[in-house]
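Fit chain R to the known structure of chain A by using the hints.
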Amino acid sequence: MNRTVSFRLNGKPASVTTDDERMLLWVLRSDLGLTGSKFGCGEGLCGACTVVVGDQAVRSCVTPLKSIAGKQVLTIEGLGGDRLNAIQQAFLDHHAFQCGYCTPGMIMQAYALLKKTPRPTREQIVAAMDDNLCRCGSHVRVISAIQQASGDGKAGA
Amino acid sequence: MDNQGFSRREFARFTGAGLFVFFHAGLVRAQEPARLPGRVSAPSDFNAFLKIGEDGRVQCLVGKVELGQGAMTSLAQVLAEELDVAFDSVDVVMGDTDLCPYDMGTFGSMTTPLLAPVVRRAAAEVRAVLLAMASDRLTIPVERLRVKNGVITVADAGGSVSYGRLVEGRRIEKHLADIPVKPVTEFKVIGQSPHRKDALDKVTGKARFAGDQSPSGLLHARVLRPPAHGARRRSVDTSAAEKIPGVRVVNDGDLVAVLHERPDVAAAALEKINADFEPQPATPDNRTIFDHILKTAPPVRTVGQGGDLAEGEKLAAEIVEHSYWHGYGAHAPIETHSATAVVEDGKVTVWASTQAPFMVKDQVARGAGFAPAQVRIISRYVGGGFGGKTMAEQAVDAARLAKLTGRPVQVVWNRADEFSHDPFRPAAVIKVRAGINKAGKITMWDAQIIGAGEREGRPFYAIPHHRTVSAGGWQGGNPPNMHPFDVGPWRAPSVNSITFGRESHIDALAAKGAFDPVEFRLNNLTDARMRRVLETAAKHFGWKPGTTPSGRGVGVACGVYSGACNATMAEIAVAKTGRVEVKRVTVVLDVGVVLNPDGLRQQTEGAVMMGMGYALLEEVRFQGGKVLTRNFDDYQLARFSSLPKIEVVFVDNPQTAALGGGEPPIICMGAALANAVHDATGKRMLELPMTAEKLKATLV
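Heads up: the protein sequence lines correspond to chains A and R, in order. When the letters of the first sequence are read in order and numbered with the numbering used here, they come out as residues 1 to 157. When the letters of the second sequence are read in order and numbered with the numbering used here, they come out as residues 1 to 700.
Restraint-style ranges between C-beta atoms, simulated for each label pair:
#	chain 1	residue 1	chain 2	residue 2	range
1	A	T4	R	D98	41 to 49 Å
2	R	S550	A	S67	53 to 61 Å
3	A	G81	R	P141	49 to 57 Å
4	A	K115	R	L200	22 to 30 Å
5	A	L32	R	A373	31 to 39 Å
6	A	P118	R	E693	34 to 42 Å
7	R	V142	A	P118	54 to 62 Å
Derived DSS-like pairs (lysine-lysine); straight-line CA-CA distance at most 30 Å:
#	chain 1	residue 1	chain 2	residue 2
8	A	K115	R	K206
9	A	K71	R	K206
10	R	K272	A	K66
11	A	K115	R	K645
12	R	K206	A	K66
13	A	K12	R	K206
14	R	K576	R	K694
15	A	K116	R	K645
16	A	K116	R	K206
17	R	K576	R	K544
18	R	K243	A	K66
19	R	K539	R	K645
20	R	K696	R	K544
Computed far set for chain R versus chain A, every beta-carbon distance over 10 Å:
#	residue
21	D55
22	V93
23	L99
24	V181
25	T185
26	V300
27	D308
28	V320
29	G369
30	R376
31	F460
32	A573
Hints were generated in silico from the structure; no laboratory data involved. Given the structure is predicted, the values throughout are model-derived calculations rather than measurements. Note that beta-carbon positions come from the ideal geometry of N, C-alpha and C, so glycine has one too.
Looking at chain A on its own, in the form it has when it is part of the complex:
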């Protein structure tokens, strides 16, 4: 149904008038021009489209727009500011990417993890990240990067 949906996007108020059954990923990428969140599978199976709603990592490709009304949405574009967020810095320091296509989703998934669990064990990191796919095989570095970011204790800032 065509409706105006209002929410907070990367700390600022946003509203979109469109069919509110549409998936958040397409609204972000096409209606709002935020292309950092990526399309990978369209069925919530790869994690490339991951954004944070409230304090939960969600797959924006299977999240209807209407479900985020009134909520806080954080995308890769909203992370950091003048300086990189601690997770971004750790991904950069560890070169925790190759092609970089899954990276925004990885970083947002890690952000939600560290919000909830600031000092995760390695097992908790693996469990939280397991449904984010990386074809280049940067897994070992992603784990190291998240460990570094959690050690800094600033990842959720």
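Okay, now just chain R, sitting in the frame of chain A:
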């Protein structure tokens, strides 16, 4: 000024003051196929271009593409090294057919061995020219000048001038002459691991891929595709789709597409199209394919032979014969094939996810009806290629649709398109009959490689009587009924399948003769570099000699790829479910001089994960031309919970020039894991992938 071979138009884009060097290399040019139909856009005179600007920044334009492998960074290191400038002052511009000189494509681990040496020589020439200019300006002999961070100083005296200052207000054009490059012992930047040039873009989401381009007025297109390869369309009814507000339908012969300003609305509109396709035969399928390709393969050709097989058979105390099967493999990059096309003043610009922008330039020119000079392809960042993004049908579709609609058009394949239209790694059968004597020497080796292609097909063991033949491959030229869909190169083409067969069989021979698998290999290896990587692997892994199966679950494999040597060892456990848990993997490589150790380590870590995928998980299901695999729920990639402890070792080899590192690390994974499964269970798995289902059935 020397501008032989250049048109003024070619020069026009290199405007302004500065020092310009144009260079080409016979080796790089040798990548160009002798006859590539319609390849009218390739200049034959230079392959790269280097500029030092008045601001002292160094810009290098190359036609290669950054796929994630780190070439943007390693080429910058090479330049910084030879020029004696700061790494941060170097910009490498890649993958733009209007800006960059011709390059056939980014594949085959060729950037490092073929392009990097040329870039080095060009940089060395620039440095020599600048030193001569500084010598004139400072009236000091060149021998007394030193360079650091782009500033030339006089040894033991005052006076200095920067590169930027030297070229200020001047335009100097040079063609590459033969200037000696630095010896390995003087390297300061090569061999280091600086921050990747693409790092900041990639951790901030600012890296723009082909599907992230959003020119004003953009329409997103979804193209109607047949349900199976080869299925011809009998009829199409687009009326329901046309009723959706804002939807445009294009029906142009073979191309039926729906377009809308929102990609998801276009996708929904495609669902409203009713089309009838001719039914297709449902055979072969992923179980019968191996018999099928044996029946349909073209005649074999000899890849290598020596001695006399009959003689070798007589010398053998034991003969072992097996057929090894390797199913189709998908590239499965997380970025699907994407393109955004804009037509302006009769010229089309296409941002395309491709490893080969210059090939795609010609593909778009032919397929969408443009003169090659009116086509520009830009492939700045690509979300994984692995051989699957060589040609770019989606770029042709986007260009055609942009021309037909008069609007910018984006085509992004969905995941089912990606699995269905992937040029898969071909299914292959490797048959080996081989014999050993009582001393553990291989006396004969008779191999047939069917379907895989022939790259690195010959055995590298010292075998007196051997023959290897091959039929069919990934390069094309297969009989039309051999594969039910397209096949093509997949990271280290031919070599994953061939190494799986060869090294499984070496292991089977060692087991038959009750020899330790490492000792058995060393007993049959004379190549000093391969012996060294294997011995190094045994040391780092902590290989304990013994006969296999030992119940420990350890396996070894050796392989070669374009001059690089690899020895891989793995330790695994097999669960009752048939699932293989990979505990640790050691990969030892000799790739000559290592330009960027961290970059090569990244490639190797990634290769271990991708190798676990093709060895254990990744299976393409199909019935005839209908690909049943549609998404990541039924095409499993290795993931975080699969991650083993990975140890990566590069043997020091300054005598061999830098070899490519993207492909060599992956080649041994299939055999190392199959051999480890045999060591754990006593069962030799003759087919990849060794899925839990298949392994469980074997163990019962």
